[in-house]
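Single-letter residue listing:
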Amino acid sequence: MSILAKYASMKGALDGLRHAGQNPFDVKFDSVLSPTEGELDGRRTILLGTNNYLGLTFDQSCIDKSVEAVRAQGTGTTGSRIANGSYDGHKRLEQELADFYGREHCMVFTTGYQANLGILSALVGRGDHLIIDADSHASIYDGSRLAQTEVIRFRHNDPKDLHKRLKRLADAPGDKLIVVEGIYSMLGDTAPLKEIAAVKRETGAYLLVDEAHSMGVLGPTGRGLAELAGVEEDVDFIVGTFSKSLGSVGGFCVSDHPDFDLLRVVSRPYMFTASLPPSIIASTIQALHRLREEPELRARLTANARRLYDGLTTLGFATGPEANPIVAVAMPDRETAIAFWNALLVGGLYLNLALPPATPNNTPLLRSSVSAAHTPEQIDTAIELFEKVGREFGVLPAPARRARA
Amino acid sequence: MEATTRSVRDGIAAALSQTVGRSVEISDNTNIARDLGLDSLAVMNFIMALEDEYDISIPLDRVAQVETVGDLVTAIEELRSRG
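Residue numbers (the numbering used here), protein chains in the order written: chain L, 358 to 762; chain X, 54 to 136.
A hint or two may mislead.
Mimicking SDA-like on lysine to any residue, the simulated pairs with C-alpha atoms at most 20 Å apart in a straight line are [claimed, not checked]: (1) 745(L) / 700(L); (2) 517(L) / 124(X); (3) 745(L) / 400(L); (4) 517(L) / 107(X).
Hint data in this document are derived by calculation from the structure and do not stem from the laboratory.
If we strip away everything but chain X, and leave its shape as in the complex, we get (with noise of 0.2 Å):
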């Protein structure tokens, strides 16, 4: 499990990177828009783009309850389960 998350985490700072076009250090308690300055369309690209990533379906409600990383690790691991 602690592998698991620690990849997804992976997977999420890559997609990060890509999406503000730079390296980013990010940790669980990393606040997505506040501290990487992403406003809630490029929250929203980012999420589809993690969606392809781990070939899930990760509704915009879902989105909106997502404040950090690590929320969004968690997000991300329970709609992998599911599937």
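Just chain L, same shape as in the assembly (with noise of 0.2 Å):
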């Protein structure tokens, strides 16, 4: 027997992918052309489903600044900051995370996954409360496992529900932290957060929001859903990443607890991993420069959003409650959404195919993400491919002239 075998089932399913065609686990691409664009079976692909919020990926001065660190510092720390030390730039990058989000202090993690981890096992542990929403992203939930603490979940953004939650435990000593995402990465909505920040309040629990989908995305200087919703005050600690928005990898937190700095010496995923090399620093900085010095970036995704929501809405398919840089449709059974995503990617559109367990009440999904970058054209061609098959499948209705096929 191998020691693979438990996952016989598993692999019944990616059979069943492969079979289908082309499957998201092992697609390819020949090149990657631009922030919107790649070649894949020397095909020119759209990519509508990569997170490059705004486009950053190929800017011209981030893609300078990298080069530059890279000559000057090397490709590498080849260590954690407590076993080599930290480089200029891991300090200067959180010093202007601090000051972009108006908070004391900031640390800075390898992947924005790490930075769920570090910050969650380092917040809460035996004895405290995590509650969490029912639909957080899979570094929460793992994060929860590292901190070996009670776990409580509430039902997607019903603040009602999180309320009701925290009464139960209102005699349970220990602390309690509610965890939320400013967008949910696979439909697309926003948390309700000040009613949120009400029930945090009142209950006397801290308040830790996940910015990854939103920052750079949402409220008046790109800061997030805190910062759209006006309350930022009651959020003790903001986690972020850098592979979103700002085009490389990494993540952060960000707080103005007096002691925060502690969490350098008891964060294991901080402390037990290699720190960022110093060209993903260098380009992390410059791109959030972009970010603040380029309000105009936001409002073309803003705009490209829309246009994207409004028109496959139109069309009459099952979309997120919001129009936000998210838009997933929702597709009627496993078999056509395998099928309906194969047909995009041949017509040289890309995005993602969300299978259960990881999309909201088990529903299938085709998933795009919207770029500043993206040209309206683009959104246009996407649009008018996604009618196409959605006809050809029976997703949406076939119009009048075929009506009897």
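Hey, can you piece these two chains together into the complex? The hints should help.
Okay, structure coming up:
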């Protein structure tokens, strides 16, 4: 018996996917040409599923800073910050992020996933309580396991349900930490943060907001949902990532907690992994400058998101509740979702095939993420292709002249 | 105690029927995932319904220890007496 025999059902599902054509796990781009275009099997393909919200991955100033840093400081730090020390860039990025958020402190992590692992596992432990939205990202679930704390889920985006569950814990000793996301990564819906902040104040819990998909996207200056909702005062910890709006890789947490720096000596996902290389730090700092200096990027992103969302919704597709840069289309079943995704790929459009259990309510989704770098023509091409495939597959009603078929 | 156990088991059966959308026969030995075909997500959602039914908090690490209906009855009785 193989040590991997326990994954037999997973293997079956994967074989099924491979049989259906291309599958998300084996997609290999021959080249990536720009934030919005790649080459796949010799075809030019529109990238509509890469979370490249501000389109900064090919920004010349970010590339220049990155190249400069790799020449001056080498390719990697070859170790963690506690073992090998911090570089000037690590400290500078932390200062600049703290400044951007108007907070006292910032810690930078090597990935966004590790930021949630590192912060959640350090903030709460045995005897404490973590209260998380039921549709939380895997990094929040995994962070809660590493924390070895009591985890209670509340119904997605339901402040009343959160309140009820916190009330039940009213007499329980230990700290209580509520965790929500700015924009949820599957449906693109935002948390009702004003109401959640009110529950937090009433129950004396702490509040952490993961702005991974909302930094650079929401708020008057792009700080995210807490800024948009006007409740930054109530948010004790903000977690975010560099791998979306900032076009690189890494994660961070900002806070005003006076002892925040203690986390540097207790957070294992911070302490026991190599720190980010200078080239990544340099492009990230520059991308943050671009985000702050060019609100037009955000305006273009919002307009593109609205164009795609309205286009698909008007056609009759079942989309999420809000027009945000994540636009998800619900598919009637798994087989249709896989075939639909393959047809879009053949037509020159790449986006994400999201299958249960990674999706809310076990609904298969075709998940798009819009970029400021998309042209209106690219968005329209995507909508037209969705319409064509949607009619072919009967997800949309056939046009009148072909009604007999 | 016997009466409470039976009523908790009935409560679980009712919540399970709602989750799977048909009436289910269960005993203490029923394996929730294997015998009822619930995936981990469905189990977690079913647990939320039980939290509301009995007005208790069932932490996820506790859910991880539950395999059978009997395990769940024990867990709920313990958590109820704690509150």
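For residue 517(L) and residue 124(X), compute the direct alpha-carbon distance and say whether it is at most 20 Å. 30 Å, violated
Restraint check for residue 745(L) with residue 400(L), where alpha carbons must lie at most 20 Å apart: Judged against 20 Å, a Cα distance of about 19 Å means the pair holds.
Is the Cα-Cα distance between residue 745(L) and residue 700(L) 20 Å or less? 10 Å, holds
Between the alpha carbons of residue 517(L) and residue 107(X), is the straight-line distance 20 Å or under? 17 Å, holds
This entry does not satisfy hint 2, going by the numbered hints stated previously; all others are met.
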